[in-house]
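Trainee: Protein chains in written order, with the numbering used here: chain A, 15 to 364; chain B, 3 to 130.
In short, the hints are calculated from the structure, not lab data. Hints should not be assumed to be uniformly reliable.
Here are the computed lysine to any residue pairs in the SDA-like style, where the Cα-Cα straight-line distance is at most 20 Å [stated by the list, open to error]: (1) A:K355 to B:T114; (2) A:K33 to A:H206; (3) A:K345 to B:V99; (4) A:K103 to B:Y10; (5) B:K106 to A:D332; (6) A:K182 to A:S86; (7) A:K87 to B:K48; (8) A:K300 to A:R268; (9) A:K236 to A:K345; (10) A:K339 to B:R113; (11) A:K103 to B:R113; (12) A:K103 to B:Y18; (13) A:K33 to A:D349; (14) A:K355 to B:S69; (15) A:K336 to B:Y18; (16) A:K359 to B:Y68; (17) A:K336 to B:P129; (18) A:K224 to A:T196; (19) B:K106 to A:N344; (20) B:K106 to A:P335; (21) A:K75 to B:F47; (22) A:K33 to A:R352; (23) A:K355 to B:Y18; (24) A:K75 to B:P129.
Here's the letter readout for the chains.
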Amino acid sequence: MPDVGIVGYGAKIPRYRIKAESIALTWGADAENYKKGLQLKEKSVPALDQDTITLAVEAAKYALKRAGIDGSKIGAAYVGSESHPYAVKPTGTILSEAIGATPECHTADFEFACKAGSEAMYVVYAQVKAELIEYGLGIGADTSQGAPGDALEYSASAGAAAYVFGTKDIIAKVDYTYAFMTDTPDFWRREHEHYPQHAGRFTGEPAYFKHTLGAANGIMKKAGMTADDFDFAVFHQPNGKFPMAAGKRLGFPREKVETGWLVPWLGNTYSGASPLGLSAVLDVAKPGNRILMVSFGSGAGSDAFIFTVTDRILEVQDKAPKTRKQLDENKIYLDYGRYAKFRGKILRNS
Amino acid sequence: MKIRSPRYHRETPQRYRLEAAKTKSGDVYFPPRVYYPGGQTAEPFKMSDTGTVLTFTVIHTPPPEYSDLAPYALGIVELDGGGRITTQIVDVDPAEVKIGMRVKVEFRKIRTEGSEGLLCYGYKVVPE
């Protein structure tokens, strides 16, 4: 059986940002609590004409560029998000049409809070491995919402990352996969509600840490590896503190986690979070590097992957905009008023 | 104003993928036509996603459905390799838009039909 892995990857981060200070000023909160406590300095904000679909399409185009294949070669395209623009009408059909993958393409929209992106990758990988398709796209994309004044408003942000999986011209081989999941009511949004509810501190130990550490330990046991066997580790990043704490508890030194640690400047891109972290790692990875990626989605569960980077990585890194460059450059800062307008938080007559 | 689904659907090859047509003499037609000048035939041609601002104006009083975006720049962009599109120039202060500016095509939401209707997608350009 041929090796299966990532053939191309792409990331898309909107240009707009809001600082923690602007949110805190509006609600009479102390920005330092969020900046130091949760390590959330600023977050990305989608433009008025950007949503999960447009971000996913741009990330997918970059992934195809790095893969060096035409969209018509994509046999399956799955988009994971908790902010699909339509309640009924697939994100995947619009995406597949935009990249030229229709009509011979299987598509589905995934939803599992922040884990939906890695789920899409997991299923596409399995489809390629089962030899049902030659190439497939797994995408995590979100324009997540936090209720005004809630702690989530400091983190809920926007971004997308896309991965083409295949067997030819691989840039990162999938060595192992592992899934860890239980029914845990830590975070949810009921139908027709604008904003999610969360269970405060219950989102930490019984939810994020139990599943993230469970999946990381499970896959390392399956592979017979320890933290010493990896060059990089990427974890889901709902705030700056959690992924660093998870890494420390698993025995990863800080520098192995920092490369894919985007959240202090990006916010939590939900389904895009760990996939975007992985894209930042691939941007600088060298042949032979080994990467651990562990997602987390409330509800709750984690998907884990172990990748080994191949020689071809060096050929593709510069073929599309890098993640850190999109994060660090050409930023446009919004005040809270414009942010509220962009996010549809201002009450108006229709 | 609501757009009819058949019309929106019919235009997706152009709005989503910039599908044009190119004659043997090298002229690019966007959208493709049924007949071409001089009885020429044309082949399908996928236009490039980069180009240069040929001319533009700034819209301060837009139609109601675009009012949240005002002021915005609307321009004609000459794409690399041939073909021109009329499009919004976004992710930039309209005061900073210049003729000759390099731009890149991005997939964006063009219009939203209230809270019940279609979400209409297509191309816009951003600074390269």
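Trainee: Would the hint linking K75 of chain A and P129 of chain B be met if the CA-CA limit is 20 Å?
Mentor: 17 Å, holds
Trainee: Would you check the hint for K355 of chain A and Y18 of chain B, treating anything up to 20 Å between C-alpha atoms as holding?
Mentor: Distance ~27 Å between K355 of chain A and Y18 of chain B Cα, so the pair is violated.
Trainee: With a cut-off of 20 Å on the C-alpha distance, tell me whether K336 of chain A and P129 of chain B pass.
Mentor: Measuring from Cα to Cα gives roughly 16 Å; hence the hint holds.
Trainee: Are K103 of chain A and Y18 of chain B close enough, with their CA atoms no more than 20 Å apart?
Mentor: 17 Å, holds
Trainee: Given the hinted pair K106 of chain B and P335 of chain A, is their alpha-carbon gap at most 20 Å?
Mentor: Roughly 12 Å separates the two Cα atoms, so the pair holds.
Trainee: Run the distance test for K339 of chain A versus R113 of chain B: straight-line Cα separation, threshold 20 Å.
Mentor: 29 Å, violated
Trainee: Verify the proposed pairing of K224 of chain A with T196 of chain A, using a straight-line Cα cut of 20 Å.
Mentor: 10 Å, holds
Trainee: Would you mind confirming whether the straight-line C-alpha gap from K236 of chain A to K345 of chain A stays at or under 20 Å?
Mentor: Judged against 20 Å, a Cα distance of about 42 Å means the pair is violated.
Trainee: Just to be careful, I want the Cα atoms of K355 of chain A and S69 of chain B compared with a cutoff of 20 Å; is the pair within it?
Mentor: Distance of about 12 Å is within 20 Å: holds.
Trainee: Please work out if K300 of chain A and R268 of chain A have their alpha carbons no farther apart than 20 Å.
Mentor: Distance ~19 Å between K300 of chain A and R268 of chain A Cα, so the pair holds.
Trainee: For the pair supplied as a hint, K75 of chain A and F47 of chain B, is the alpha-carbon distance within the 20 Å limit?
Mentor: 18 Å, holds
Trainee: Measure nothing beyond the straight line between the CA atoms of K106 of chain B and N344 of chain A; if it is 20 Å or shorter, mark the hint as holding.
Mentor: 14 Å, holds
When the structure is compared with the earlier hints, violations turn up for hints 2, 9, 10, 15, 23 and for no others.
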